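Asks: Just need the whole structure built from these sequences, with the hints factored in.
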Amino acid sequence: MTDVFLSLDGLDKTFEGSPSPAVSDLSFSMPKGEILALLGPSGCGKTTTLRLIAGFETPDRGTIRIGNRIVQSDGVDLPPEERRIGFVFQDYALFPHLDVRRNVEFGLSGLAPGARKRRAREAMDLCGLEGMDSRFPHELSGGQQQRTALARALAPGCELLLLDEPLSNLDAALRTSLGKELRRILKHGGRAAIVVTHDREEAFQIADRVAVMRNARIEQVGSAHDLHDRPGSRFVSEFVLDATFLPGVVTRVGVETELGPARGPGSFAVGTKVMVAVRPHELEVTPSRGGPGVVVERAFRGSHERYRVRLPSGTELASFRTLRTDASSLDVGATVAVKLTDPAPPIFVA
Amino acid sequence: MWRHLADTILWELLSNTLWLLLGVGALAGFMGTVSAWLVATRRFPGRDVFEWALVLPLAVPTYVIGFVFVALFEFAGPVPTFFRETLNLSWRFPNVRSYGGVVLAMSLVVYPYVYLLALTAFRELGANLTEVARSLGCRSTAVFRRVGLPLARPAIATGVALALMETLADFGTVSVFGYPTLTTGIYRVWFGMFDRVAAGQLAVILMLFALILVVLEQRARGRMRFVQAHGRNVARTLPPLAGIRGWAATAFVSSVLAAGFVVPTAVLVRWSLRAAESSLLPRNFPELLRNTLTLAASACLLAVLAAVVLAYSIRSTRSRALSFAARVASLGYAIPGSVIAVGVLLTLARADGIINAAIGWFGGFDAGLILTGSAFGLLFAYLVRFISVAFYSVESGLTRISGSMDESARGLGAGPGRVLGRVHFPLLRGSLLTALILVFVEVMKEMPATMLVRPFGVDTLAVEVWQRTAESMWTEASAPALSIVAAGILPVIVLTRLRGANEARL
Numbered sequence: 001m002t003d004v005f006l007s008l009d010g011l012d013k014t015f016e017g018s019p020s021p022a023v024s025d026l027s028f029s030m031p032k033g034e035i036l037a038l039l040g041p042s043g044c045g046k047t048t049t050l051r052l053i054a055g056f057e058t059p060d061r062g063t064i065r066i067g068n069r070i071v072q073s074d075g076v077d078l079p080p081e082e083r084r085i086g087f088v089f090q091d092y093a094l095f096p097h098l099d100v101r102r103n104v105e106f107g108l109s110g111l112a113p114g115a116r117k118r119r120a121r122e123a124m125d126l127c128g129l130e131g132m133d134s135r136f137p138h139e140l141s142g143g144q145q146q147r148t149a150l151a152r153a154l155a156p157g158c159e160l161l162l163l164d165e166p167l168s169n170l171d172a173a174l175r176t177s178l179g180k181e182l183r184r185i186l187k188h189g190g191r192a193a194i195v196v197t198h199d200r201e202e203a204f205q206i207a208d209r210v211a212v213m214r215n216a217r218i219e220q221v222g223s224a225h226d227l228h229d230r231p232g233s234r235f236v237s238e239f240v241l242d243a244t245f246l247p248g249v250v251t252r253v254g255v256e257t258e259l260g261p262a263r264g265p266g267s268f269a270v271g272t273k274v275m276v277a278v279r280p281h282e283l284e285v286t287p288s289r290g291g292p293g294v295v296v297e298r299a300f301r302g303s304h305e306r307y308r309v310r311l312p313s314g315t316e317l318a319s320f321r322t323l324r325t326d327a328s329s330l331d332v333g334a335t336v337a338v339k340l341t342d343p344a345p346p347i348f349v350a
Numbered sequence: 351m352w353r354h355l356a357d358t359i360l361w362e363l364l365s366n367t368l369w370l371l372l373g374v375g376a377l378a379g380f381m382g383t384v385s386a387w388l389v390a391t392r393r394f395p396g397r398d399v400f401e402w403a404l405v406l407p408l409a410v411p412t413y414v415i416g417f418v419f420v421a422l423f424e425f426a427g428p429v430p431t432f433f434r435e436t437l438n439l440s441w442r443f444p445n446v447r448s449y450g451g452v453v454l455a456m457s458l459v460v461y462p463y464v465y466l467l468a469l470t471a472f473r474e475l476g477a478n479l480t481e482v483a484r485s486l487g488c489r490s491t492a493v494f495r496r497v498g499l500p501l502a503r504p505a506i507a508t509g510v511a512l513a514l515m516e517t518l519a520d521f522g523t524v525s526v527f528g529y530p531t532l533t534t535g536i537y538r539v540w541f542g543m544f545d546r547v548a549a550g551q552l553a554v555i556l557m558l559f560a561l562i563l564v565v566l567e568q569r570a571r572g573r574m575r576f577v578q579a580h581g582r583n584v585a586r587t588l589p590p591l592a593g594i595r596g597w598a599a600t601a602f603v604s605s606v607l608a609a610g611f612v613v614p615t616a617v618l619v620r621w622s623l624r625a626a627e628s629s630l631l632p633r634n635f636p637e638l639l640r641n642t643l644t645l646a647a648s649a650c651l652l653a654v655l656a657a658v659v660l661a662y663s664i665r666s667t668r669s670r671a672l673s674f675a676a677r678v679a680s681l682g683y684a685i686p687g688s689v690i691a692v693g694v695l696l697t698l699a700r701a702d703g704i705i706n707a708a709i710g711w712f713g714g715f716d717a718g719l720i721l722t723g724s725a726f727g728l729l730f731a732y733l734v735r736f737i738s739v740a741f742y743s744v745e746s747g748l749t750r751i752s753g754s755m756d757e758s759a760r761g762l763g764a765g766p767g768r769v770l771g772r773v774h775f776p777l778l779r780g781s782l783l784t785a786l787i788l789v790f791v792e793v794m795k796e797m798p799a800t801m802l803v804r805p806f807g808v809d810t811l812a813v814e815v816w817q818r819t820a821e822s823m824w825t826e827a828s829a830p831a832l833s834i835v836a837a838g839i840l841p842v843i844v845l846t847r848l849r850g851a852n853e854a855r856l
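Chains A and B supply the protein sequences, listed in that same order.
Anchor point for the first sequence: position 302 equals 302 in the working numbering, and the numbering is continuous, going up by one each time.
Just so we're on the same page, the working numbering is the position in the second sequence counted from 1, plus 350.
Since the hints were derived computationally from the structure, they do not count as laboratory data.
All values derive from a computational prediction rather than experimental measurement.
Ideal placement from N, C-alpha and C gives every residue a C-beta, glycine not left out.
Don't take each hint at face value.
Unchecked claim - Computed footprint of chain A on chain B; a stretch qualifies when at least three of its residues, placed anywhere within it, have a C-beta under 8 Å from a C-beta of chain A:
hint	segment
1	479-488
2	497-506
Stated by the list, open to error - Sample of chain A residues facing chain B (criterion: CB under 7 Å; computed from the structure):
hint	residue
3	A54
4	F56
5	P80
6	E81
7	I85
8	F87
9	F89
10	A93
11	H97
12	F106
13	G107
Stated by the list, open to error - Selected chain A positions facing chain B (Cβ under 8 Å, derived; list incomplete):
hint	residue
14	P79
15	G86
16	D91
17	F95
18	P96
19	P156
Replies: See the structure below:
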């Protein structure tokens, strides 16, 4: 990453009256034109991070650079209106007293009328808002409101766009289609964007890289492949990869577990107790009279079924099985044989 | 009759009333809106205290601040005297008994209506819209002009309409300031000229003003609903107003509060003490207190009872005619006490006549004025004027009890009586108490209706205040006035706590 566009360095923020920090020693950077997703469970500090960058909140410590400007550091606290950042709120925050066109033109008041009109037109066309000019926010569908909020944030031509849970207020079908389009729109013009979300599908669909956050800190930043192949922590494998965990002990030849030996890439001392991360599609479950596993839960997931299997030790693991008409389905209570197909599963200290 | 009225005073009364409304509307609107915006969006020294304290002037009836202002600032009053003699300034202190004086005094106690509604509006429109506007390059003044003001306009209009209803109803201030309006005109024509028809005609004109305000208020409320679509994502920390600008905000807000509440109350306390020392307290003070409390207590029980019956009838029958009737009944709050007084008196006088004729026809005794001469007329007038206050509280309590709650209680085997006692009463208790307190204090404060309709010889605190101030006996008026202000603080606290509870529930 030679061409750093946005960088955060050692940001701390604790809200008044809160016992724990909302954001703690947060640092990352991104180049121009990249889309980064901040992914994490609710309350992990991802929205606060976004608001710190936008200047809506002031950090207790830390530096923020955008382009070649320092917008936040000791003694520098540029107000939001001077940071030139577009912001899209979760609830869109459209101005209810203005129609679509005047919402989009809101940030262009410094321009001459002709230029203003042209810029607003471009942003609206890019976001698919043709013919919506004189509609008021309450006359728009959720998707159209989202597009308007996006066009409004894009119109002033800022180089960084921040989006807080942009798709969470939409229904499932719309979420997928708009997710793709969102990526197209964000990529247009080569501006950088940060998308906050708690939905990993959404994060991978929209973003180039994903930063996984937990308890006010960033656990790992990487592309989808990075995260899948080398999850940096138990939390990342659980939250991002949907993994369950199998206890084991490191021996001279590998890791000894209830399901037999599993070879891992870790370099742990012999005798260390570890957890093997089992990704659901890497666990094969087949009907078997003698067990040793028992199906305790099953859920249809459209193209596949997700089973929860209990091993004799009490450990429960999750497994995906593709649904095929010929394969028999497994009922709760069925005994099954369990096999780990991953040749090199991620391993963490227990 | 019209010709006579028009020739003499009507035009003066009309234009005075109109100018008063314009002036108070503008000034109270300005004070309420600006302080609400500051409190809702910015951090500045003392903000958390001002947030609730700015409502306190609501406890001061207009006629109290009126006479305190006149007493302080008239030529022989302490302030101009200080300027003249101690500071030896040749500058002539502006005459307080002027248009500007009336508007200022009135605005200082009615602005909280605007403040309260605007504050809620600015809050609900929320941090999100403000922040989005700032990220699109707006400075804070531009945010106010382009987002805050247009969106809160319906709420501000509603607040101004309420403030103007209070202004229109005022009798004490305008008479102390010697600024004749329709309200004082009614009193003058009724008692000074004994011209009931002319008083009735003036009352009709005043009522038209009030109805215009009602229409404005209702329309604004309608638009409020349309605008309130957006979320309540309140900023966790308000951005600070730094340095000198923060202190400027504090100065503005505290001077409004000082002039509207702190100074008048302090002055009243001082004068009451002085009156107590030099035995200038009204000799019949216990009797005044007893009369006031008895009237207020009976009126508030009556009003709440009527409101409960009305609200429950609407709930159980869902009759559209009934809810229309309730809407009409609840217009009373907009109609000045003097108009209601004239209406009640004219109606009851006729009823008295019929009753007397009937009794006489049966060969009975001379009944006298059973209705107009007794407390019945006065209680009836209070009921007409304040039933809406009780009705709104009860109704808002009832809407929180959903029909499915009744049904699930019935499903669990509770009979109608048990549903009422075990479900409704506990849930309604707060609303009923609120209604009682609000009506109680409103009745205590009500001056014109009491003066016009009271039975002969029955004096209350409010009447005493007026009688003393009419003779410029400020010290003597201060103790009864202070009692009314003290009672007036009660509903302010109740309402503030209610708001707090509502916000906590969200």
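Asks: Once the shortest beta carbon distance from F89(A) to chain B is found, is it less than 7 Å?
Replies: Hint on F89(A): holds, closest Cβ of chain B at ~5 Å, below 7 Å.
Asks: Measuring from the C-beta of F87(A) to each C-beta in chain B, is the shortest one below 7 Å?
Replies: holds (4 Å)
Asks: Should the interface hint for D91(A) be scored as holding, given a Cβ-Cβ cut-off of 8 Å against chain B?
Replies: Where the cut-off is 8 Å and the nearest Cβ of chain B is about 4 Å from D91(A), the hint holds.
Asks: Please check whether G86(A) passes as an interface residue: C-beta within 8 Å of a C-beta belonging to chain B.
Replies: Constraint on G86(A) satisfied, holds at 7 Å.
Asks: Verify the interface restraint on P96(A): the C-beta must sit less than 8 Å from at least one C-beta of chain B.
Replies: At about 5 Å, which falls below the 8 Å cut-off, the nearest Cβ of chain B leaves the hint on P96(A) intact, so it holds.
Asks: Quick check on the hint: G107(A) CB to chain B CB, less than 7 Å?
Replies: Constraint on G107(A) satisfied, holds at 3 Å.
Asks: Check, residue by residue, whether the segment 497-506 of chain B contains three or more positions whose beta-carbon lies closer than 8 Å to a beta-carbon of chain A, and give the verdict.
Replies: With 3 residues close enough to chain A, the hint holds.
Asks: With 7 Å as the cut and Cβ atoms as the points, is E81(A) at the interface with chain B?
Replies: Nearest chain B Cβ about 5 Å off; hint holds.
Asks: Does the interface hint hold: is F95(A) within less than 8 Å of chain B, judged Cβ to Cβ?
Replies: holds (6 Å)
Asks: Can the hint on A93(A) be confirmed by a CB-to-CB distance to chain B that is less than 7 Å?
Replies: Holds. Min distance 4 Å.
Asks: How about H97(A): closest beta carbon in chain B under 7 Å, or not?
Replies: Nearest chain B Cβ about 5 Å off; hint holds.
Asks: Under the criterion of a CB-CB separation shorter than 7 Å, is I85(A) in contact with chain B as hinted?
Replies: holds (6 Å)
Checked against the numbered hints above, the structure breaks none of them.
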